[in-house]
Each structure stands twice: as C-alpha cells, then as structure tokens.
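S.K.: Given next are the chains, with one letter for each unit.
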Amino acid sequence: MTRSIGISAFGVYLPAYRLAREVIAQATGKRSLGGERAVANYDEDALTMGVEAALECVDNYAHAWKTPLDGARLQALLFATTTSPYREKQAASVLGNVLEVERSALVTDVSGSLRGGLTAVRIARTFLEESSADAVALVVAADRRSAEPGSDEEQAFGDGAGALLLGSENVLATLEADFAVNTDFPHFWRREADPYVQAGDTRFVENYGYVPLMNEVINGLLQKTGLPASEVSKFIVYAPNPRVMRRLARRVGFDSETQLADNYSRSIGDTGTSQVLLSLMGVLSTAQPGDKLVMAGYGDGAEAILLTATEHVRHAQRLRGMKAYLGRTRPLKSYTKYLHFRNVTGESSYDAFSSLALLWREAKQNLRLYGTKCSSCGVIHFPRRRVCDKCGAKDKMEDIRLSRRGKVYTYTNDYVYLNPTPPGTLAAIDLEGGGRFFGQVADVNPEDMRIDMEVELGFRKLHDGQGLPNYFWKAKPAIGRE
Amino acid sequence: MAGSLRESVAITGVGCTKFGENFSQSWADLAVEAAFEACADAEMELKEIEAAWVGSYRPWIAGERNTGSPLAEALGFYYKPITLVSNICATGLDALRNACLAVASGMYDIVLAIGVEKMRDAGSRSLAQANRTDGHPLIGKGRTAPSFFASCAHRYFHEYGIGRETLAKVAVKNHHNGAMNPKAHLQREITVEDVLKSPWVAEPLSILDSTANSDGAAAAIVTRADLARRFRTDYVLIKGMGLSVATERNIFDPEFNFLSLKPTQVAAQSAYEQAGITSPRQEIDIAEVHDCFTITEIIDYEDLGFADAGEGWKLIEEGVTTLEGGLPVNTDGGLKSFGHPLGASGLRMVYEVVKQLQEKAGSRQVRNARLGLAHTLGGPGALAAVAVMARPD
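Going down the list, the sequences are from chains A and B.
With this note's numbering applied, the first sequence corresponds to residues 21 to 502, in that order.
With this note's numbering applied, the second sequence corresponds to residues 11 to 403, in that order.
Don't read these hints as lab results, they were simulated from the structure.
Glycine included, C-beta positions come from ideal geometry on N, C-alpha and C.
Hints are supplied without guarantee of correctness; some may be wrong.
Claimed, not checked - Restricting the straight-line Cα-Cα distance to at most 20 Å, the calculated cross-link-like pairs of lysine to aspartate or glutamate (EDC-like) are: (1) A/Lys-416 <-> B/Asp-263; (2) A/Lys-427 <-> B/Glu-169; (3) A/Lys-427 <-> B/Asp-236; (4) A/Lys-410 <-> B/Asp-263; (5) A/Lys-353 <-> A/Asp-468; (6) A/Lys-109 <-> A/Glu-122; (7) A/Lys-414 <-> B/Asp-263.
Claimed, not checked - Over the 10 Å line for every Cβ pair with chain A, so calculated as not near, a few chain B residues: (8) Ile-92; (9) Ser-115; (10) Asp-119; (11) Arg-142; (12) Asp-144; (13) Ser-157; (14) Ser-161; (15) Asp-236; (16) Asp-263; (17) Glu-293; (18) Leu-333.
Could you put together the complete structure from these sequences and hints?
M.R.: Dropping the structure here:
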C-alpha cells in the first residue's frame, strides 16, 4: 500500500417516517417480521437522501476536526445505489453539482449491486493511493427499494443513505486491507421493466448464496491479514434479515452477541447499498482506538474490508450520527399512506411547468443554494438578482451560499395546493447569516408548527415537470447536535 | 409626485352581472351583460364608444384568446382599439385606470373599461391547479394565495394578540351586506360560529374566511368630465387613481413583515394626493377594499390609512366599518360575499361605489356618501390599485 487511507468523517441520513411492520402485516394479511422500517417521504428518492448524507458528512467533518473541508480537496465522488432516479444519466453528477465538486474530479455512479457501497470504498481507496496527499474522496450510498405489496421484502426493506469521507489526513479508522469474491448469483434482482425487487427462494439463496459467499469473503480477508476472528472487535455485515446474519456468525465463528454490529434491520430495515455503511457509522460512534473492524457487503459475490480505529476515533462522537437519526422519527400509521409515498396509487396528473434550460441556468441558485449579496447596501437576496431591489445598484452582487439552518418567521398549513399528504405546510424562514427562504416544510406534524421554530433545509424532489426530477429545498424540523 | 387627472374624467354609466357559478353563461355572455348595462345606464349606444380596455386575468381558461379580440367578438365591436389588461386581482381597476388616462390625454371622449372573468369553466380547483402547473418550477412552489394570507394571519396573531374570532367578524359583516345584494354570489348571513367551524383552507383561514370562486363581469363608461353632464347629472368624478406594482417574491424579502403590504400604501398615497385627501378615515364615506380573505381586509384598513399599524382589527371589533358605522366598508358584500372573478372585481367595486354615490344602493345605502374608494390587491401582495371617486356636487 502506497499511502494509508482511512475514514475522516461520515454522514447519516434516515428519512423521518417509520412504518411498524405490524401495520404492514395487518394490511396485507401477512405475519409481522417485528420492529419497524424507515420509509422515505413521497418527495425523497435515493438521490435526495444521498445528497442529505453527503452534506451531513461534510458538516460532520468540520465538527470532528474543527476545520471546514476545503472543497478543492474533494477529488472523487462515488454514488452507490441500486435505485437511481435515472436509468440513463448519472445521479452522482447531481450530487457533484450540489456539493460543488471540482469539474476534473472522478465522479461516477456505482450501480447494480447491493455491495456497491463497499465497492465504491475500494475504488476510492485505490484512487486516493494514487492521488496527492491532501486529496479526499466522498463515497455516498443510498437506496429506496420497492418491494411487491404483501411480500416479505416489503417489510424487510428500509430507506436510507450514508456517506463516508476518505482521505489520508484526519483519519478516524484506517482501511487496512480488502478482499472480494465475484460470482454471478442472483439473490435480489430487478429487470428493466420490473417495478419491484425480486428475490430468489429464501432457502436456496441463503444456503447457496449469502452464507457461503459471505463466509468465503470474510475468511479470505482474515487469512489475507492473518487476523483471527476472535480479535475482531466488530463484524459489520450486510444481511437481508437478522436470522441469517446469526447463521453467518456461527458459520464464520464469531460471537453474534458481542462481535456482531447492529445493522438496524429491526429499526430501519435493509437499506440496500447503504446498510453496511450505516452499521459502520454506528460502530465508529462508540469505537475505541485500536479496534479491528471487519465490514462485509453482499451482492453478486461479496466484498470485505478490514479497518483499524485510530487514536482519533473518539472524534467520531462529535459527529451527528445514527443516534440522532434513530431519535428523530414520525410514525406512519397508515399502510395506505405508505403506498401513496411509493406512488403505488398513481401520482397527480397535474404536470408542473419546468424547463431544462431554466434548471440548467439556475443550478447555482436552485441546487447549490446561492443567493446574491449587494456589495453596495449589504442586502442578501434569494432568489438571485442583478439589480438590487433595495438600493438600485446594478451588477454589484457577490455570491453568497445560504445557510441551511434558520427559524420560522411565519407559516401555514395549506389545504389548497395539490399535495399527496395534505395539508402542505409552508413557512417563511429567516436563515442564519441572512436571507429568507419561503417554501414547503416536510416531515412535520402540522400542529407542531410554531413561529421561531428551528428548521433545516433538506434536499427534495418537488415534482417531475417536463419529465425531469425537479430537485429543490424544503424546510424540515431541525435535528439537534448533541 | 407625477400629475393627476385634475377631475378631468368621469364615469357616466356602470354595469355588473350577477356574480356566481354562472354555468349557463360564457365569457362573452358576461361581457355582453356588463357592457350593455353600462351603456344603458349612461343612456348611450355601444357604438359611441371609441376605445376599450378589457381586464381579464386568464381568458384562456375559458377558451378565449389572450388578446382584445374576445371583447370585440362578444360585443360585435370591431376595428376599434381594444387593449387587454392583466394585473392579477388589480386587473379591473387597472383597466379603468388606463381608460381614464386615455380620456385625460384628450385622445378619446368616450371609452369603456370592462373586467370579465370566467373562472368556473376550468373547474372549482383551477386556481389551485395553476399554483402547481404554472410559474417557476421551484421558487416559491407550493405557495398559494390562501397560504400567503394565512401566513400573514399567523404573524398578525403573533404580533397583535388577536385570534380567529376577530377575523370571523369581517366575514359576518360582509355576508350581512351581501345578503341584501341581489347580484352577490353568496346572499346569506353567517355567524362567527359558522366561520370557526368551517373547514380549513389554509390555517388559520377557513372556507368562510375566504372569497368565493365566481364568474362575473363589470363595466364602466368613462368620459371627459366636461361632457359627462350630457349623459346625466349624477355622474361620478374620478378624483385619483394609483397603481403600485412590486413582486410576489416579497415572501423571500428578509425585511417583509407579512403585516403590511406596501403596494396598497403606495397606490393609496398616490390616489389620496391626487384627490387632496389627508385623513382618509375621516374623509372617505364608503370604501370597497380587497377582502379575498378576512385577514386581508384588516391589513387593508391599516395600509389604506383607516387605522394605525396593528390596530386595523379594532375597526371590526368596534363596528366602524359596518353599514351604520363611521366608515362603511364592502357595502355590497365584498369579495367575501359578492364573489371574486379576478379581472372583474375592481370594476365591481366601482359599480358599488358609483351606486352608493348616486344613492341607488337600496337597502345597503350609506347615508350622504360623497367620497368613495375602491381598492384591489393582487399578487398576492405584489401589486395594488386604488381609485377615489366623488359626486360632482
């Protein structure tokens, strides 16, 4: 290895909604798998959740290391997902647009397989080994997979995203070694026209796919590094359900009580490409220096990485992580509403006006959230202006990136605007550092709205006007930083 | 201050259709009724009109072109100058304003200002759909007129400590007036309790805090003041007209307080200066103001100078703006009860003010009304128009 690469920061994103599996079971006449699953709101997809996790990761870097991340250092951006909103066109480029990633950076989607999150980490590691010492790479993994109503997968799946910042400086845990097993084994798949993920016969795919392949890759990694399983602090493994994960532990030979990391399958569900990364984030938040961590992803074979927690790993406690997101939940009490969110019931037929040229022209404003600040009178405008409407100065504007945090100035719960979950909450928000945002508020109980309430701006899809996902910002209740 | 009309322009005839869900009437039917009633009121022939300004915010939703032609076609009024005016809810008063300016310029002696809006052909939710389908795809998406004024109401409650009951009294008052008006859309009395119990539109505003979605048209014949006596002795003089246009992106302005709407203040100030009005609360005898929602009427009181900032609600609580009060407001029922075909509302207000000044308002007649005001607000909060009218004697 030419240079030691490790994880500098991470970012969690979990949608606010939780659907109890009992609610699904009652609606579909199935047995409940127990616990609950995270459900993306109707305006969230893999890309919006990925953006949230990525922004969270960048913010977290600044908190962990008491210095903001210099954007020019970000030389690679990899977005792993099996559920990109685009069949053709990168989703990573949208992420890069929001994050202002350098035009010359390595930007790509890693798609197709649930192990894409780990594959992306391995690609980023290889890339950074060949890059300058201060280069960093961002790996984002997100999934919002849809399963057939009434299927076991519908209960097992969950929606979520995670992001890891990799580099050779300011490292929480070092990437020591990796190992992969590649094979053509369809456990989950979805063809071009399939609306839902398909799964093979459970006994076959677990006995001939998941357990032997994961065992092979984990043992391969341990043999390669000479590390006995007993010295591994945590095994962080993808699993489609908790039962088969315990079988894997027995097969590999580690203690599922003490050595197996929580992968949140009971509380969140199987979040696809992001599941292993989120599980790692939970582990890092409480890890001790020197801890050996094995993480293993699954899909079309398997992939495993050995990490060692550094002496700085306790900085991870400063990051807003799984705990904050597990504590911020809104119960989704109705299965019908879940189907609405999943668009099973069909979307509104009212097509919003949009324009490809307009969206391209205004990306700085609409995706990167830049307003203008008048250099003559100091007023901050959003939307952007050329002529100041306070002092009349023409073309004397400076760019200013708006804060995503603010307080509600006034609000309403509106029953008029066509919205999948009326009422639609709207608010005028005074942003930290200046500027006012007016827009929709997501993930809030209408009766909880208050003047002066603290909110954050989150990335959401407003509609599909002109056949494009039209992404923008909505406010949502602020999540505290402990 | 720019110029003024110097009392050079008069209204000699007005017309107004019944407002409501006029499913049996087309855009053209509405235009015909309002225009011919105005001509009859002025005791003149349509062909004497030299030019027309037609206010219609969205003629295309009723299958009409976005031009002057629908009016020419409806009236058989061909080969003369017709200008389409579209300024959201201020459309009707802006059509009147342009007609007045044309007469004041000396270019024409007799012109028509008409507002026509056929809302209901496009369905009861057509305005709601427009919020979703039209406009910028992202900026302010989701904002509706109700949600704007509801946001104003929440802030007003927060700042001044009033609640829904006070707003409800605006609706009760305007329905009381509208119940006496055969041309009003909603001719029935309501109670405060009715308002509080009616379903939400945008919290804290309910359906009964909101205007109706109506079809309708209204028209005025505008002439040179020195010719007006040829038509009638009780013509009405235009004393002042103001129009102020800003932006519906006020919602993004960090200095915007959601409590007062500057376009109303500026348009009123302009009209007042032309009319020589210095204390509107004392001098104006009857006012038609833009009450698209109950909170709007209260904000209007303050912006029009009827009350100080934060005290508009007292006029309602003290009954100042009832028919019997010191400054009757929305004597015909207002948008709330009379209805709100967007482009027609301004001229509907003019119709009522003229009838009041002529003492032809029947059971709604305000005693000794000599100076009247009409005010429309659009955008929401982006623009406003004000007209001040007076008896010639």
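S.K.: Against this structure, judge whether each hint is valid.
M.R.: Going through the hints against the structure:
Proposed proximity of A/Lys-416 and B/Asp-263 is supported: the alpha carbons are some 18 Å apart, at most 20 Å. This hinted pair checks out: A/Lys-427 and B/Glu-169 have alpha carbons roughly 16 Å apart, not beyond 20 Å. Proximity of A/Lys-427 to B/Asp-236 is assessed by CA-CA distance (about 58 Å); at most 20 Å being required, the pair is judged violated. At roughly 10 Å between alpha-carbon atoms, A/Lys-410 and B/Asp-263 fall within 20 Å of each other, so this suggested pair holds.
Taking the CA atoms of A/Lys-353 and A/Asp-468, the gap is near 17 Å; set against the 20 Å cutoff, the hint holds. For the proposed pair A/Lys-109 and A/Glu-122, the alpha carbon gap of about 19 Å is at most 20 Å, so the pair holds. Between A/Lys-414 and B/Asp-263 the alpha-carbon distance is near 18 Å, which keeps this suggested pair within the 20 Å criterion. Once the 10 Å rule is applied to beta carbons, B/Ile-92 is consistent with being away from chain A; the minimum gap is 29 Å.
No Cβ of chain A comes within 10 Å of the Cβ of B/Ser-115; the nearest lies about 30 Å off, and the non-interface call holds. Separation of B/Asp-119 from chain A is adequate, the least Cβ-Cβ distance of about 40 Å exceeding the 10 Å criterion. B/Arg-142, annotated as away from the interface, has a beta carbon of chain A within 10 Å; the closest lies near 5 Å. Here B/Asp-144 does not stay apart from chain A, with its beta-carbon only about 6 Å from theirs, under the 10 Å limit.
Residue placement check: B/Ser-157 does not keep its beta carbon more than 10 Å from all beta carbons of chain A (closest about 4 Å). At the 10 Å boundary, the C-beta of B/Ser-161 falls inside the reach of chain A, the nearest C-beta of that chain being 5 Å off. For B/Asp-236, the condition that its CB be more than 10 Å from all CB atoms of chain A holds, with the nearest at approximately 41 Å. Its closest Cβ contact with chain A, about 7 Å, brings B/Asp-263 to no more than 10 Å, contrary to its assignment away from the interface.
For B/Glu-293, the requirement that its beta carbon stay farther than 10 Å from each beta carbon of chain A is met, with the minimum near 33 Å. A cut-off of 10 Å between C-beta atoms confirms that B/Leu-333 is not in contact with chain A; the least separation is 31 Å.
Consistency with the previously given hints fails for numbers 3, 11, 12, 13, 14 and 16, ordered from lowest to highest.
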